[in-house]
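Asks: Using the hints, position chain B against chain A.
These protein sequence lines are chains A and B, in that order. Read left to right, the first sequence gives residues 1 to 538 (my numbering). Read left to right, the second sequence gives residues 539 to 1076 (my numbering).
Treat the hints with caution; some may be incorrect.
If you want a taste of the chain B side facing chain A, the calculated C-beta under 10 Å gives, among others [unchecked claim]:
id, residue
1, Met539
2, Gly541
3, Met543
4, Asp712
5, Ala717
6, Ala882
7, Arg898
8, Tyr901
9, Gly902
10, Ile903
Simulated from the structure, these hints should not be mistaken for lab results. Don't be surprised by glycine CBs; every beta carbon is placed ideally from N, CA and C.
Protein chains: 2
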Amino acid sequence: MHGLMMDSQLSISSILTHAENVHQHAEIVSRKPEGGIFRYTYADAGKRSRQAANMLATLGVKQQDRVATLAWNTHRHFELYFGVSGSGAVLHTVNPRLFPEQIIYILNHAEDEVLFLDIQFIPLIEAVKDKLPLLKHIVLMVDKDSMPESSLDLLCYEELIEAASSDYEWPSFDENLAATLCYTSGTTGNPKGVLYSHRSTVIHALASMTNDALGVSNQSIILPVVPMFHVNAWGVPYAATAAGATLVLPGAGMDGGSLYELIDGENVELLLGVPTVWLGLLQYCEKESLTMTSVQDVVVGGAAAPMSMIKAFQEKHDAFVIHAWGMTELSPLGTVNARNSYMASLSLEERYELQAKQGRPVYGIEIRIVDDNDNELAKDGKAFGRLQVSGPWVASSYYKHEDQSDWTGKWFDTGDVATIDEQGYMNIVDRAKDVIKSGGEWISSIDVENIAVGHENVAECAVIGIAHPKWDERPLLLVIVKEGASMTKEDMTGYLEDKIVKWWMPDDVLFVEELPHTATGKLLKRELRDTYQDYYSK
Amino acid sequence: MHGLMMDSQLSISSILTHAENVHQHAEIVSRKPEGGIFRYTYADAGKRSRQAANMLATLGVKQQDRVATLAWNTHRHFELYFGVSGSGAVLHTVNPRLFPEQIIYILNHAEDEVLFLDIQFIPLIEAVKDKLPLLKHIVLMVDKDSMPESSLDLLCYEELIEAASSDYEWPSFDENLAATLCYTSGTTGNPKGVLYSHRSTVIHALASMTNDALGVSNQSIILPVVPMFHVNAWGVPYAATAAGATLVLPGAGMDGGSLYELIDGENVELLLGVPTVWLGLLQYCEKESLTMTSVQDVVVGGAAAPMSMIKAFQEKHDAFVIHAWGMTELSPLGTVNARNSYMASLSLEERYELQAKQGRPVYGIEIRIVDDNDNELAKDGKAFGRLQVSGPWVASSYYKHEDQSDWTGKWFDTGDVATIDEQGYMNIVDRAKDVIKSGGEWISSIDVENIAVGHENVAECAVIGIAHPKWDERPLLLVIVKEGASMTKEDMTGYLEDKIVKWWMPDDVLFVEELPHTATGKLLKRELRDTYQDYYSK
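Chain A on its own, in the form it takes in the complex (with noise of 0.2 Å):
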């Protein structure tokens, strides 16, 4: 027997429909890439979301169609964040970081016929539009005055939401029809597509906004650096509208100075975005002698949050750095390291460490560690084993991929390993396949590097684990030693000596002049390993 409620499908324009009734006046503040600040209501947006929607159907875009995006977090990218997939299509955002073999497999996997452009990306579409034959219209995101010269065929969006009628009706439809469109890179094979609906995205908002999550209001004042071509800014445009808080946009503005003068200018109060962001932010207010006096909460995710950051926003800038965990697959949120009760019980120090855990999920997300043969291990905060993950806005497969490796029942395998506490903290101690056997105990080869790099003369480590005769795999260590400084083996082995359990010490540390990355910035262990494979059986 159902019960008797309307079937009201859950939909993407919704949220946009709700913030003009009831937040109409609230503002988003955007830095145009073009230069200049620009300002504007949430009542002027959704105008403009609904021309950008009547400007979608002028070039050829139909219900469910890829439309792409190569944009940083401004007005314009907003409005297409709604217009797109308000419109039944489906808003397909291209991470510009991604090597241009990258970016051409993508947009052509996904079928992409329109894209919308910043102006910085023209020369990076320039170099690879021939290899693009299905791409029939480049929309330039500018003003009409700003028009480059370009080899490029390009439209200008002022001019083409200038001529489209803001006269439009959102449709409704199947809440699980397809929305956005964003692809991870991984360290390995091609990129891979996760596929939103509106209801993962919808559900996704709603428990964003709630106070375990970013606690979003009509009253916060909201600065996602995390940009909109990485998992949709980790769901914020949406939450931040539905709540009508004050979205400010960096655009390109991503250095410390660009950032400060919005966050100052702005009064930001909440800060989203992954460490080497803020330690470019923080770097840039040590140098000027400035501080963040309006910012209450920073939440950093993408990468664990060093506790040097923890403490530096904390006690130079009275901010509190909330820890929160996700993936592309998890729309993105998983966990966040909320403010709590729990944490008030703690002296500074402990909330610290407390605070370095990348938190507890969110409700709607269920999370569980595993052994190698699927079974479920303890919540005691020791145990550690492959962390799994399920929920209504987890991916259950890659967009046109057969391979579905990655899932086993109604678990997604998110390739970390973790251990949970018995408060359901979670702390992600590695990637699953850089985690190192050795005798049948498991080592943290983030552990070991995030001790490593804190020695004054390292500039950069990485740990491995290498084949060995006896212990199956021991740990390599990789140091890029600062410019300017020297050190032995022995400085280095003396310094981990007091700081891990014996059985953890690299069997060998080797100097280097660099380490190999992913064009996201990922260290390619996979590719060190290859390198070092026979060192220790040598």
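Replies: This is chain B only, laid out in the frame that chain A set:
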């Protein structure tokens, strides 16, 4: 093309499982109907809810069977919220304030075979038991030691729970399955059942948790005085559990003294309930010269909060009144007047005026006002028309009931007349059947009543529209004078004179001994209109 997201069905049991995983130490405090304060954690509640699920199986309850409760807000009722719905049966919460004939009607209409009872309601069921042929088991929710003598064949809840295993796996099923059932009494005909689904309940809970709604978090300490037999206590048991809030349940103690004791003892921050209850609490505090120091917010719904109440909470207890509006047919949240950035810009008097409105729609709910021909009216704060609503937690029909006259396309007609202003704030003007149509214009009977009751000699009053030969209808004011006081028609009209527009002035004022009410305390204006129907045409 569907998005490629997990087909995770939303379920009420997932809320409790989440609390067990991440909020296991958060507390539920409950005043037991048989006496004493009980406290335990969400981990304990999870275990006992699973025991309750096993207990239901031993009582012969099968999937989708309706299971009735006649119970206060207690931890045992909480366990049934999850145990009954979580196991796939339908929780039917019965309002003990209904007339005996109505209770007989709904227990038979719902075909309840099992009834869970609080000790105070034994006489009520003893009196009607003969007319409940379907009822197989009556379970009294008390400790073993407190089982009383009764003509009923009573089972003991604690004994059954003790005998049940806590080993239980919550089943998965279609999220559209029925989860709970609540009858709305209205002023005419038999009560009508609203049948909520797992989907509607979970989406409603997520929306309730956002800061534009109740904004609950694991740091909240919540006292829902709104009964768990009334629209699922406004969904608070679900939202509080998902958020890991401390939940304080008042049992049978709804008087000012009992409530104050609980508020003070447990440092309650958030109160939720109807105006009548708050009147009792405020009067008690006044009489005993007590201040509620911990309370931050008071959510008032069910009926309009008088301005004097909004001010008393603010000025005497530093507590902010959040006006909310909903209906049984809306699960119940429709609009909430939560704190927001717009409010911050107002003077205190302006803010009070704004707080007196019923608030803005929660994301997920659409509202509009229409004239008698279903034409949408302007959102200008002046035009008033029938309030219609739509959304995923709005009823689509009544349980086993043919009449669809309250629905038009995607809209449910609330039977209320309201205004909506430019900011999206909705204000209830009147019930549609009570609004007075005079010379082509509408007069709000509620507005006139609210002003008239402000006269120091008025105990209660009612304004009704009476057929009039010239103006179609004209208002008649019926007044109960306070004991020991006396007043004339001229006293009354003189008082109203500068407070309402001239043509709203009642053509006559009658002084009466009593006014008719429904079982749940609503004025029976229909009866008054019948009595006085010829008053102006004679």
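Asks: What hints, given by number in increasing order, does this structure fail?
Replies: none
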